[in-house]
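Protein sequence lines correspond, in order, to chains A and B.
Residue numbering for the first sequence follows the working numbering, starting at 1 and increasing by one per position.
Residue numbering for the second sequence follows the working numbering, starting at 1 and increasing by one per position.
Warning: the hint list may mix true and false statements.
Stated by the list, open to error - Simulated pairs of lysine to aspartate or glutamate, EDC-like, Cα-Cα distance not exceeding 20 Å:
#, chain 1, residue 1, chain 2, residue 2
1, B, K38, A, E113
2, B, K7, A, E117
3, A, K17, A, D62
4, B, K7, A, E141
5, B, K38, A, D97
6, B, K38, A, E15
7, B, K38, A, D62
8, A, K17, A, E48
9, B, K7, A, D97
10, B, K7, A, E129
11, A, K17, B, D25
12, B, K38, A, E67
13, B, K38, A, E76
14, B, K7, A, E103
15, A, K17, A, E71
16, B, K38, A, E9
17, A, K17, A, E76
18, A, K17, A, D68
19, B, K7, A, E113
20, A, K17, A, E67
Since the hints were derived computationally from the structure, they do not count as laboratory data.
These are the residues of each chain, in order.
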Amino acid sequence: MRERRLAQERRHTREFKAFVAGAAGRLLHTATLLTGEPVSRPAPAAEELLICALSRTYAVWDRLRGEDPYERTRQEMAAHFAHTAWRHRRPRGGLLDRLSPQERLVLVLRLYEGVAEEQTAAQLGLPAERVHALCLHALAEMRSRRPTPKPAAP
Amino acid sequence: MSLPDRKETEVRRMLAGPHPLVPPDLAGRAAARGRRRKAHRRVLRRIGWLLALLALTALAWAVIAQPWTPPPVRTTPPVEGW
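If we strip away everything but chain B, and leave its shape as in the complex, we get:
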């Protein structure tokens, strides 16, 4: 066994020491938090879709209504040849 390998094995053995006690409700707590995280993401996704839909509607309206064109001129043209 080469020298770095021996060192690694030694430290590995140190790392593999006694394990801590797992609290019994760990899985339940993690699952509850995971559910909250999922619900949160769902809400965010819905808000995103809603915003996208709103943007699309606004775009469609803009294409149809073309609010940037000047309004038609309403003054009567000068009468000629009277």
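Bound-form chain A, shown alone:
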């Protein structure tokens, strides 16, 4: 019994590591966009967010039953970020710095991850109109910032 459980655990760990090897780059980018950290430096908050979401996926690995682990991890990450949004209010110098955490979450889910508006609304527990409004506002904010992507190089 114990032997079998250990063997199963090892198999899960192997599968999980293969999944992470393939998906970590994109997921970490998503996390970095959410926490608003710059890409050039190590992003501890984004790593923490991602590791937390991945550990939850690992814990239910044997109960996924055909569900996409990537989608599951993204959902965990979005839910965890929505709960801890107040930690990420302070600007950190990333791309989506000027947006509020909620706007960042909606923008990233909708445009970077390509999640449909209704699905985003359902995942975040918001009305679809609110998601639409947040997304529009975030878009406008991003475009208003675009003309000065970098301060003039010395």
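Knowing the structure of chain A, use the given hints to seat chain B on it.
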């Protein structure tokens, strides 16, 4: 292409910029934390079962022993017709 679509494409391109470097031990750290989380849940589940079992035992005992009924009266009844 309609105007909102163009805006979206533009921002999409901004979002798809350079990716951060993934630390090599990320999967290991996540797996270790996931294992801890799983063990933690297992312990919680066991405690829950134990409590449920205790509650059931207490209920069974209560049904059998009926501790709420008053104890039988032990005084001798008055003797009549003596």
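Going down the list of hints, with the structure as the test:
1. A hinted pair counts as satisfied when its Cα atoms are at most 20 Å apart, and K38 (chain B) with E113 (chain A) does not qualify at roughly 28 Å.
2. Using a Cα cut-off of 20 Å, the hinted pair K7 (chain B) and E117 (chain A) holds, with the two alpha carbons roughly 17 Å apart.
3. Taking the CA atoms of K17 (chain A) and D62 (chain A), the gap is about 14 Å. The hint holds against a cut of 20 Å.
4. A threshold of 20 Å between alpha carbons decides the hint, and for K7 (chain B) with E141 (chain A) the separation of about 11 Å falls inside it, so the pair holds.
5. Between K38 (chain B) and D97 (chain A) the alpha-carbon distance is near 35 Å, which puts this suggested pair outside the 20 Å criterion.
6. The suggested pairing of K38 (chain B) with E15 (chain A) holds, with an alpha-carbon distance near 17 Å, which does not exceed 20 Å.
7. For the given pair, K38 (chain B) sits about 11 Å from D62 (chain A) by alpha-carbon distance, which is consistent with the 20 Å threshold.
8. A threshold of 20 Å between alpha carbons decides the hint, and for K17 (chain A) with E48 (chain A) the separation of about 17 Å falls inside it, so the pair holds.
9. As the CA atoms of K7 (chain B) and D97 (chain A) are separated by approximately 19 Å, the hinted pair is consistent with the 20 Å bound.
10. A distance of roughly 19 Å separates the Cα atoms of K7 (chain B) and E129 (chain A); the hinted pair therefore holds under the 20 Å criterion.
11. With a C-alpha separation of about 10 Å, the suggested pairing of K17 (chain A) with D25 (chain B) holds against the 20 Å cut-off.
12. Our distance criterion of 20 Å between C-alpha atoms is met by K38 (chain B) and E67 (chain A), whose separation comes to about 19 Å.
13. Proximity of K38 (chain B) to E76 (chain A) is assessed by CA-CA distance (about 16 Å); at most 20 Å being required, the pair is judged to hold.
14. About 16 Å separates the Cα atoms of K7 (chain B) and E103 (chain A), which keeps this hinted pair within 20 Å; it holds.
15. Of the pairs offered as hints, the one joining K17 (chain A) and E71 (chain A) holds, with about 16 Å between alpha carbons and a cut-off of 20 Å not exceeded.
16. Pair hint K38 (chain B) plus E9 (chain A) holds up; C-alpha atoms about 11 Å apart against a cutoff of 20 Å.
17. Between K17 (chain A) and E76 (chain A) the alpha-carbon distance is near 18 Å, which keeps this suggested pair within the 20 Å criterion.
18. Distance check on the hinted pair: K17 (chain A) and D68 (chain A) sit about 15 Å apart at the alpha-carbon level, within 20 Å; holds.
19. For the hint linking K7 (chain B) to E113 (chain A), the alpha-carbon distance of about 16 Å falls within 20 Å, and the restraint holds.
20. Of the supplied pair hints, the one linking K17 (chain A) and E67 (chain A) holds, its CA atoms being roughly 17 Å apart against a limit of 20 Å.
Violation of the numbered hints given earlier is confined to hints 1 and 5; the remaining hints are satisfied by the structure.
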